[in-house]
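The residues making up each chain are set out below.
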Amino acid sequence: MYGYAGKILRINLTNQTIKVEDLNAEWAKKYIGGRGLASKYLYEEINPKVEPFSPENKLIITTGPLTGTSVPTGGRYMVVTKSPLTGAIACSNSGGFFGAELKAAGYDMIILEGKAPKPVYIAIEDDKVEIKDATHLWGKLVYETTDLLKQEYGDKAKVLAIGPAGEKLVRIAAVMNDYDRAAGRSGVGAVMGSKNVKAIVAKGSKGVSVADEQKVKDVVASKIKIIRENPVTGEGLPAYGTAILVNIINEHGIFPVANFQKAYTPEADKISGETMAKTILTKKHACFRCPIACGRVVRLKDGKEVGGPEYETVWSYGANCEVYDLNAISEANYWCNQYGLDTISTGATIAAAMELYQKGYIKDDEIAKDGLSLKFGDPEAIVGWTIKIGKREGLGDKMAEGSYRLCEAYGAPDLSMSVKKQELPAYDPRGVQGHGLVYATANRGGCHVRGYLISAEISGIPQKLDRFSTEGKAEWAKIFQDLTAVIDSLGMCLFTSFALGLKDYVDLMNAVCGTDYTEETLLAAGERIYNLERLFNLKAGIDPSQDTLPKRLLEEPIPEGPSKGVVHKLSDLLPKYYEVRGWDEKGYPKEETLKRLEI
Amino acid sequence: MIKVKLFATLREGRENEIDFEFFPGINGRFILEKLAIPEKQVAIFLVNGRDYSLDEPLSDGDVIAIFPPVGGG
Ligand code: SF4
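Residue numbers (this note's numbering), protein chains in the order written: chain A, 1 to 599; chain B, 1 to 73.
No lab work stands behind these hints, which were simulated from the structure alone.
Hints are not guaranteed to be accurate.
[As the list claims (entries may be wrong)] Derived, one-sided and incomplete: chain B residues facing chain A with beta-carbon distance under 7 Å: (1) F7; (2) L10; (3) V70; (4) G71.
The model shown is predicted, which means the values in this text are computed figures rather than measured ones.
Note that the Cβ used here is the ideal one computed from N, Cα and C, for glycine as well.
All chains, please: the whole structure from these sequences, using the hints.
Put into structure tokens, the structure is as follows:
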């Protein structure tokens, strides 16, 4: 097999056994790799009804066939498991360097099974794989854990780790790698914690063999050229990072403020990518083989130089908590990375707590001991509560369950701005109808990277769609969702899709792997993956009534700003979407659809 | 008066916000010309938060936001 390492590392933590297996080539053909192939393994190997924190759940860390190759942004890996936040299938994606190193060590995938009797870490140096005692690392923050392991294994070793949040089963805990890159969403870090696995160290010396070296060279060069010449990937993202979006989204009046109570703020520019570039930015960061370099490095007020916040984080802690202070946001971001927390869900959960406080559900005496306020706009609060969530301390213990369970505990679940219990990201769907449909139907719950329709509805890529219209959006949602499943499964960064199209991904896949995918068959693989995830969720007991949005977004019009007066028209969109997907009117994939997709 | 807000790379060498005196018939194309912004650098042209044509006349009090091609996430 070209592109693929062809091997899986299966580690049973209960019995402390390590097995190397051949990758299932037949499945790889149908499900590509990465997100798709790991979903297939999970689907076949666990009962979707399993309790996410039980030893019967599995945690799969997977690369794609293009991970570790010379393909631009080919450094991605994914964490696939059953989510403790949503109960749905989780697939969290991260860049950095760990994924490429794992591949270089000779593995496409690690499957973690069972539960270690005491804290362990896993050390992988090519064929030498060991389960090691991690008592000395347990309780440590992510940076220190990473430093200690690098001291032991050398600087070339790449480290994936959880922080204290994952250890304490915080349902919004992330898996971190290379210090501050995160497989952030759906609480995958807590599943790793439930297995008593603190970290994985990878060091590899094997290359990835490709089908036709000259062809790969030529195809890669031509795609890099497209990426470099594209104004988004060649100019906007490198210059300003993802926070370039702050002003754009705000000027369209879809920038959620105060837990989605408003959708516009006159203060947005204080926390924009433009302002970041002029103030706290010290340098840019690129993941493995990435010509885009959207990552930011910033200097905090206390002098620390750390990974800077992404757009989503600038929003979740910024406008969503009404804190227009880049230093406080960057500090909250830093503590998320240290404790191993998802910045979207953590910021959004704090915002939900702030609204619970504002509405009188949480009273002053309840938080008196915590010594922190829950007032919108308090910069100390966003930093302080982040740490308390990471430690499960005081009210932070309740917040560690995520915004849905928090709001439900106070009898106000409607104040959680989530879908399938996962916090929504930084775009108010009322002013972007297609994007809202993707929120409602995303297989991992509230999420923007399962079909980023903002690209078409706001940026006009690949073509401009009327953001307020429902016309054609069901079809667009399907194409975006299926194409995203392809890109994730290849092991490339989704941001390449601002410049590249389906044909480019086909070229790259075929050049590296020597396969004969066409645009049609590769996109069909994406559709297959999407449907398989759906089946997992249905079997897990997530019925289609959960394909919905928070009540506020369906019933309360946006109160002010450029998108004033609109609600999300989900009920106009959903029946059409089910039809386009080949699902019955209740939202279950039809027999004939599964047959067509060979599932 | 018409308020024009510039973003991202369009700010390079220009103010972030510029006010224009209103006159009947003033439109986006006139403003781009005055600001020396080539049309191909403009991906999003918003008037009061809504997409708008460069040729259509503006109204007194309009707020304009101009963006180069951008994406993120
Ligand atoms: S575009 Fe950004 S997130 Fe994607 S691989 Fe490059 S640096 Fe990493």
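Honestly, which of those hints from before does the structure not fit?
2
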